[in-house]
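Protein chains: 2
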Amino acid sequence: MTRKRATLTEVAKRAGVSIATVSNVFSGRKPVNDELKKRVEKAAKELSFQIDRAASQLKSGKARVVGVLVPDLDDTFFTSLISRIEVMALKDSYDVIVASSRDDKQLEESRLQTLLGWRPSGIIAVPCSDIVPAVLAREVAHIPTVLVDRVITQSAVADTVTIDNFEAGEIAGRYLVEMGHKDIVLAASSLDIAPIRERVRGAVSIIHKMSGREPTAIELGSNAERGAEIFAHWLERHPLPSAVFALTNVTTLAALTALARQRVDIPEQVSIIGFDDYTWMSARKTALTAIRQPVDEIARLAWERLQIRIGGDVSEPHPSILNTSLKVRESTRRLADPSRGEGLKPAEEQPGETIDNAAKERPNRIH
Amino acid sequence: MTRKRATLTEVAKRAGVSIATVSNVFSGRKPVNDELKKRVEKAAKELSFQIDRAASQLKSGKARVVGVLVPDLDDTFFTSLISRIEVMALKDSYDVIVASSRDDKQLEESRLQTLLGWRPSGIIAVPCSDIVPAVLAREVAHIPTVLVDRVITQSAVADTVTIDNFEAGEIAGRYLVEMGHKDIVLAASSLDIAPIRERVRGAVSIIHKMSGREPTAIELGSNAERGAEIFAHWLERHPLPSAVFALTNVTTLAALTALARQRVDIPEQVSIIGFDDYTWMSARKTALTAIRQPVDEIARLAWERLQIRIGGDVSEPHPSILNTSLKVRESTRRLADPSRGEGLKPAEEQPGETIDNAAKERPNRIH
DNA sequence: TCCTCGCTGTTAAACGTTTTACAGTTAAAC
DNA sequence: GTTTAACTGTAAAACGTTTAACAGCGAGGA
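Line order of the protein sequences matches chains D and R. Numbering (the numbering used here) for the first sequence: 1 to 367. Numbering (the numbering used here) for the second sequence: 1 to 367.
What the hints contain is simulated information worked out from the structure, not anything from laboratory work. Accuracy of the hints is not assured; some may be wrong.
In this list, chains with the same sequence are indistinguishable; a pair is considered to hold if it fits within one copy or across any two.
[What the hints assert, rightly or not] For lysine-lysine, the following DSS-like pairs were computed, each having C-alpha atoms within a straight-line distance of at most 25 Å:
(1) K105 x K91
(2) K37 x K13
(3) K42 x K285
(4) K45 x K285
(5) K209 x K91
(6) K42 x K105
(7) K105 x K45
(8) K209 x K30
(9) K105 x K30
If you're wondering where the values come from, they're calculated on a predicted model, not measured in any experiment.
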């Protein structure tokens, strides 16, 4: 199986040049005579030679890898983030090492530690809790780091890219109240997660301000199936709310599953706003109205920040905060007479219409 | 930013031992006196030292990385594969480098080439077409390789893990015919992909055998949105079929989206069988009946084969073929009188019931 | 003609580990 | 009391690159 791979030396010998020349041909650091270059390339091809990254990295100290850590590789939000990061990484010829912390603080530390062993050019991490991993906090001065999504912007020790979670809560809350909803349930994953708390705060505050009511927040965890059970259980012992606002894509799934199991009609009996924007949300008779996170933008910005840091920038940690938008589709119904709890039309807006807050001031926005 | 990281030598100096001892403490290859070990560990912690993988790998030749190549990091099937592989990799303390070929044969080659540059312990690849990437074909003798999913088992140059695609087609086809469906559409991604052709073959053959009818196969590509448009367009110029069998998770989404846009009721007007089994499929009023691929099993087997090869096994390429099952839920309706094309009950089986072919002979099955 | 310069190519010294061969020390065996 | 064996620790040689430093050699300027 393992006939040893060709080395610089062998290629050099075969092409009748020094190893430095071969190295130059591959790295392009110094010009090489055309005729020699041809010979080297021929020899390399014949031996199917390829630079050994370990050796290259050891000597040069440069890595051309980034480590990406996420809390869950089964969560579409994180994988779509990874997908986009991989695209930009390729463009700048970096490779990507992925690791999942599985929402486990301890595993997070150890995964980060091994990631660091690669001496990567940088780390993009979605922490699994508010508190920045100790490894990262310690190492942040030595390695470019960007924290994404689950972060408290204020206290950050590194660059961050997040959405305006409070505003996301507000947008959904406002829309729901405007549609006449009063009895609203907030389907959170876990209130231990700062961004989730922010979304709740945003929704609660605007709902209270506009309607004087207090929405109910329930925690469904970060597993859809279990979340569905919890929610179903909750539904059994409470009167049907008129609307549900799911705060993550997983709780969206959980709520939808529970509602479907109990044969609750959407939006006739219960309106719902989901979180994140995925194809399956439109692949239904009553397409889902949802808060859309700008995943592309998040990934782009994270990569941009990382490159800036790799480039040697040592300025203060830079927080980027992006805005979400509401994709209005068909899962929220207008209640004609709020007090009666009954209405006519499913939704006023055109399906597909977007209520975008893009025009509003974007604090800390790059450019 | 980049104060240099501590090295073995520095730790050794601080602990007052030789670098060999420090190395032994970390690798555990040779026993080290407890008192010394303590000293070394203390020194290491103080310097927040961590073995440099590049150096380690260069010297030892062992990598503890595997490269994983998939055609699309936005496709849940592939990411769930990666998720499971990452779990097993961690268990055996390997790291995972991911790369996407974006269904581009040329990119596939180059991604594979760079992957190889890491001198990984092995490669797990989902090729983007039938023909095995040239790099891999050339290198397969030197590096443990497992090909997954999109593979022609017979001609494989390396270990393969696939599902029985023909059988998957048969299962769905048989079920549909048994439910009284005759006018069936096969929503394929691309007939250039061997497994898809097999699924089509399986469905066509059994449908023909049982009902004498020929289903129509249409190609929707591997992008859900575009697929939806193509299918919508097709629907406009053809009479409604009584059932759709979607052959991939993306075409499932595409078909569902198109059907929803045209306000077609499922299963009243059209029955549908999807592919793959994801949470969103159950998170709907009429939960989706679908062919389930055993993703866990696929990942487990792929990893197992890889480990066997890494262990030095040089026997003939080993094909593993897994069986799929039909998750019967609510999206297929029984047609009472096939000729009339109208029926009564949505489905005979209990929702959630599984028609499993597990008991059948499993060719080439491990164990 | 001599000197300098630009252009290419080479030599050789690292980079931070792993690992072999060896040395020293103590315990067990005879 | 000597020999052996069992343990631990160390010195030093790689691993395959990158990258100074340097060398050879025409050409152009003085």
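Hints violated by the structure (listed by number, smallest first): 3, 4, 5, 8 and 9
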